[in-house]
Amino acid sequence: MVPTNYLIILSAVLFLIGVAGVLVRRNVLVVYMSIELMLNAANLAFAAFASAFGALDGQIAVFFVMTVAAAEVAVGLAILVTIFRTRQSVDVDSLHQLKG
Amino acid sequence: MSIDLLVLLVLALIAIGAALGMLFSRNVVYALLFLVLVMLTLAVLYLILGAPFLALAQVTVYAGAIMVLFLFAVMVLGTHSLDELGGPIGWQRPWAFFLTAVFLIEVVYAFAARVGKLGLLSCAEAGFGSPAAIGKLLFNQYLLPFEVTSVLLLAATIGAVVLTKDVLSE
Amino acid sequence: MDFLMNPLNLMTFFPLVGVAIILLIPRERKDAIRWTAVITSLVSFFVSLQMLMAFHAQNPGFQMVYDKVWMKTGGFEIHYALGVDGLSILLVLLTTLLTPISIFSAWTAIEDRVKEFAIAFLVMEVGMLGVFLALDLFTFFVFWEFSLVPMYFIIGIWGGPRRTYSAIKFMLYTMVGSVLMLVAILWLGLSQGTFSLPELLAKGSVPAHLQTWLFWAFALAFAIKVPMWPLHSWLPDAHVEAPTAGSVILAGVLLKMGTYGFLRFNLSLFPEASVRFAVPIAVLAIIGIIYGAMVAYAQKDFKKLVAYTSVSHLGFVMLGLFALNARGIAGGILQMINHGISTGALFLIVGIIYERTHTRDLSAFGGLWKIMPIYGAFSIIVALSSMGLPGMNGFIGEFTILMGAFESPVLGPAFAISAALGIVLAAVYILVMLQKVFLGPVKEKNLSLKDLNWREITVMAVLTVFIFWIGLHPAPFFNLMMPAVEKMAGGLQAAVLAMH
Amino acid sequence: MFFSEVTNQAGTFFYLAPWAVFFPVIGLLFNMAFGRKIGEKGVAMVAVAASTLSFVVAVLLWLSLRAQPEGTVIPLASWMTVVDVSWAFRVDTLAVTMMLVVGGVGSLIHLYAAGYMHYDVRYKGDPGRYGRFFVFMNLFIASMMLLVSGNSYLMLFVGWEGVGLCSYLLIGFWFEYDTKGNLSTENAKAGKKAFVANRIGDFGFMAAMFYMFTVFGTLNFDKVFAEVPAVASANPHALLIITLLLLLGVTGKSAQIPLYVWLPDAMAGPTPVSALIHAATMVTAGVYLVARSHVLYDAVPAAQHAVALVGALTALFAATIAVGQYDIKKVLAYSTISQLGFMVAAVGVGAYVAAMFHLIAHAFFKALLFLAAGSVIIALERAHHPLPEDGGAEGEHHGNDPEGFDPQDMRFMGGLRKVIPVTFWTYLIGGLALAGIPPLVAFFSKDEIIAEAKSADALVYWLLVTAAFLTAFYIGRQIFMVFFGEARSHAAEHAKESPWPMTSVLVTLAALSVAGGLLNWPRPYLAEWLGHTLGEVEAAGLNPVVAGTSATIAVVSLLLAWWLYGKRPLESAGQPDPLKRPLGWVFTGMEAKWWVDELYWAVVLNPYVALSRIAAAFDVRVIDETVNDTAWLTDFVGGKIARWQTGFVRNYALSVFVGVLLIFTYLLWR
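If you're matching them up, the sequences are chains A, B, C and D in order. Under the working numbering, think of the first position of the first sequence as 1, with each following residue one higher. Under the working numbering, think of the first position of the second sequence as 1001, with each following residue one higher. Under the working numbering, think of the first position of the third sequence as 2001, with each following residue one higher. Under the working numbering, think of the first position of the fourth sequence as 3001, with each following residue one higher.
Worth flagging that the hints you see were computed from the coordinates, not collected in a lab. Positions of the beta carbon are idealized from the N, C-alpha and C atoms, including for glycine. Don't take every hint at face value.
With a straight-line Cα cutoff of 27 Å, these simulated DSSO-like cross-link-like pairs (lysine-lysine) come out [to be verified]:
id	chain 1	residue 1	chain 2	residue 2
1	D	Lys3496	C	Lys2445
2	D	Lys3567	D	Lys3124
3	C	Lys2370	D	Lys3124
4	C	Lys2370	D	Lys3496
5	C	Lys2300	D	Lys3037
6	D	Lys3037	C	Lys2370
7	C	Lys2450	D	Lys3124
8	D	Lys3041	C	Lys2445
9	C	Lys2068	C	Lys2203
10	C	Lys2072	C	Lys2203
11	C	Lys2030	C	Lys2115
12	C	Lys2450	D	Lys3496
13	C	Lys2443	D	Lys3124
14	C	Lys2443	D	Lys3180
Some chain D residues well away from chain B (every beta-carbon gap over 10 Å; in silico) [said to hold, decoys possible]:
id	residue
15	Gly3125
16	Lys3180
17	Val3422
18	Ala3515
19	Ala3602
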């Protein structure tokens, strides 16, 4: 059998790769994908804990995360498409109005 | 080294490799494909972890539906490749990698050395994580969140349609 | 109905009725708006006269108290409480008198957004009256801040070229003080278990170490408002930029909120700290007197000159209050009224000539007495009252204050004598002002200036009546405040004796 | 006798005392309200009537006092309850003496001014200001009556400042001109100077009142005086301070060293003002104050000595300056200062009756001199540019007058005795009175002062004698320069005598100057009269040795003046003064008023102006700048911090990540 720690570490590694993606990539789609990757990494941890503790609630959580992720991706990509149409760029750095 | 561990390691390596591939590929489509690979690997892992329902959902929802959505988006936005090293905040890149690495080391250290054994994975009971078991839990204890989620999905659907109405009507 | 049966509530909130009516009047009908505002504030004035009738001068305590629980949280209650006593009644009357006068004086000066202007004034009257009447620390604070906002708009919208700068400066400067005061109010209220002023007074003195902190927290807020040297620099800017009516109210009433605060809170609640810090405060007051007079002398702008005289005059008020004896305090209160009347009138005088010539540069005038004899006569009366000529109001206040400071056990002759120098210097700047504006040869371009119209004469005549009334027969004014003042002075004297 | 009948029931007149103030107030209010409607004649009638009624009240009080010489106090209304002072009028012999002088001389001068101002407002081109003049004059009478009849120091102070105000308003009456009639702020500045100098004195007065109230617990005369013996033994130091502070007030109001500088400039006012306010009445208020406070001063010999010294020094100092002046009114102004010095010296040596005697005498002859001088000036003005009613065209100037003609400059006069005889004779009487020629009034009064000084203090005595010598000399110089010799300008040649309201007043005052000596000689009526209040009856006045000496001095001095100015009169306006050569720089000093004004400017005024400017700059550059800098600092720091807000989402994500990392690290290391 496998120690749960290993899966948690894997989850962390994937999550951090997702973080790195958000932090370093300029292409807005890739940023989005990185977010998905982070969600998946979290899911993996949930599933691992569910298995480790023999409780199904973790899996339920994963289920909800997936649903919400689906909704989020749908709306998020719609927003991206709209923004792209006005700005003609997929560069996140082209959006920097949010400053003091 | 048990066979399980070996499988896990292989899967883990594939997942990490694919994730890194996504991180570094300049082409969006490649990145997307790498992400699909990660998700499929995770689906396999779910199976190992005794969550067959999740594995299926992972394949259909993530690897299927969501990735298709991404593909549509790529179609609309095009596959521009940007100068990832430059940009107005190019200085952020090394810092981001460095900090991520630091965090990684801390996490690995934490879970490898500090937290202690969380126990072995066990899928002792038959039917653990089966659709029936999940369904029972979902429609009893988690009924309200479930319904709320459905409303959320409905709202997202409408939202997506409204937001892209101009695009579609062209 | 119970609420409105109390004259204090009725007087304080009646202006809001005017606001409601004005909101219904179309903005083009400017005269209707002006009349509504004047009449509403006059109603408040008459209600305040009714209050005066009902007031028992012999009673040193609070009268016509209206007290209802407002909020109840945790272990303490916040009340909505109003009441009047000898310390506040004159200031209330001053407020209800000056508000209609200043609205009246702005009749032709404000043509732009008359509706908003009238509303701002009426709302401000609510705030000012509330400040003088509040018997609960929280009620006080709410009204205190409440009166600030309309003034901000009055300066910021109807002001001169640098109005935005001045309005923001006024607002921020005052806020700095208010914030500290809020902290002090909370601290005081929580440590003593009540926010009610009568209860706090009945409870007796606050512990000494606490008094020091609270004293200075309150003092800072009030010192900014007074304004005491060196926290005065918002005043010239605010005055110069504010429209005439705004300046009148600012000098006439708003500054008194600061001195009243010292009287009502610092002296009443922290007598030991007041005794301990009377000397530093008095020193600042005297610096203010001399410094204000000197800086006023050097001004080239008519209105700025008048603004700096306020710094000087309010130094006298502060000196009187911190003489900590009955004469000093009584003189201080009377001088608040005097300053309201005289300096208010001086600002009207500046406004009248500004409206005609659109300049306030002293060198642009000269010999106006020849061209505008009625204006000149009123101006000279007001100016002389401001420099404390006997027979007029300023002298009564200043003399009583100096007398109080002279015999005060905490201050003494040195303070009174140095402050009396301020009277000499007052003569210097007032006479220079008179010379530059009213005497000397007439400038060519001023030859066609018109003398006062009936509205201006009315306003000036009302103020002049008070100038002479207080100057020749101040007894009624003193009688109103004396019992309360003596009670307070008794407490302070006890503190003085305990300290020495 | 009618008088005795009135006197027998005279007690009933005391209640009229407040009306001495009320009548002029009514007059001024009436003229303020209706002055434009009733015309010049109406205004003058109202004002003269008001002033005369006030005088009548004083006369009635005098009659009443003859029956009840101890006097009384008439309370009117409450006033400063906080210091226990109310409006109350004091009727005693001292007050009523002053009231008689003020009312009498005041009424005469009102009458004179009714004629004088008719011309003056026309020469100055603003006939509408006629009414204003009489409003101020009535206000002055009211204030002065208040001053002398007040029953407390505080009430006295009201009048004290009130007359100062009138002085200010009347000096600056022609505020748009200078004394020569050119557009300028000079007159206004002279008024300001007077008021400020008075204020400095008033500062002393106020401080004295504070001290007095603290020591005595009251400001009412009777109570203060009753306490003096007790205080004198318990706290002599306090008494000294109070009296010296009062002396500061005296130096301001009565134009003594060091505050005398305002009085010469005060001659910018119309001549009746100079006569009434700046010679006869207001400036004597200081003398009155000391006389009124005699109980205090008697208790403090040191203060008395200081008063006497100040007075004597002023008497001499001002007399030297008077010798070097050319302006007819300036000479009289310095003469006034000098004579006030005599009076102050007199009260200083305790010769209150002599001081009051000289005060009255001075009111007569100095008013006379000023009014006559005014008559001279008007006469020259009328000849210089005649009014239409004198047969001249509007604004016409005579080209025949020398360059820089000034109707007040004695160098442009000469020979006037022929063209304006009434003025000349009255002037001569006034001048001789001033010089102390027997039997004119000042001979008696001045001799009393000098005699008392001789017995009190040698230094004061010699100063006063020297001053008396100079007095006779400068008035002789003036008379010879103005009235003798030949006319040195066209105007002086064609001068016209003034109309009857003016000359009749001159004659009346001349008569008073001649007969005034009877007041205290041969019977010391005045001494007995004032003794009821001042509590002493001095030995009847005439010390033959002193009288002989001073009469001789006066005659010798006049002869010297004749030898210098009368024997060989000036021939043209430009000729230097004959004293200039023999005296050299001393005379230059006299001409330049010993540079005292310049000294004050350099030592006090310029530094104050500079200091004010520095304070104003300090206010803007330091105090306000500190506030603005605080605001700037907040803005600056905010700006710096705001740059962290780059607007880049990734950047914000990084900050979030850093935060997470820090928290995680903390948890790990805890």
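Verify the proposed pairing of C/Lys2450 with D/Lys3496, using a straight-line Cα cut of 27 Å. Cα-Cα ~40 Å, so violated.
Please verify that the nearest CB of chain B lies beyond 10 Å from D/Ala3602's CB. Holds, because the least Cβ-Cβ distance between D/Ala3602 and chain B comes to about 68 Å, which exceeds 10 Å.
Exclusion check [D/Val3422 not at the chain B interface, CB over 10 Å]: holds (103 Å)
Within a Cα-Cα threshold of 27 Å, do C/Lys2370 and D/Lys3496 meet the stated pairing? violated (31 Å)
Given pair status - D/Lys3124, C/Lys2443, alpha carbons within 27 Å: Satisfied, since the Cα-Cα distance of roughly 17 Å is no more than 27 Å.
Against the 27 Å threshold, does the CA-CA distance of C/Lys2030 and C/Lys2115 hold or violate the hint? With Cα atoms ~7 Å apart, C/Lys2030 and C/Lys2115 stay inside 27 Å; holds.
If I take the minimum Cβ distance from D/Ala3515 to any residue of chain B, is it greater than 10 Å? Its Cβ never comes within 10 Å of chain B, the nearest being 108 Å, so this holds.
Hey, does D/Gly3125 actually stay past 10 Å from chain B on C-beta? holds (78 Å)
Does the structure keep C/Lys2370 and D/Lys3124 at a Cα separation of 27 Å or less? Roughly 12 Å between the alpha carbons, so the hint for C/Lys2370 and D/Lys3124 holds.
Does the alpha-carbon distance linking C/Lys2072 and C/Lys2203 stay inside the 27 Å limit? Status holds; Cα separation ~21 Å.
For the pair supplied as a hint, C/Lys2443 and D/Lys3180, confirm whether the alpha-carbon distance does not exceed 27 Å. At roughly 20 Å apart (the allowed maximum being 27 Å), D/Lys3180 and C/Lys2443 satisfy the hint.
Is the straight-line distance between the alpha-carbon of C/Lys2300 and that of D/Lys3037 27 Å or less? violated (39 Å)
Checked against the numbered hints listed earlier, the structure breaks hints 1, 2, 4, 5, 8 and 12; every other hint is satisfied.
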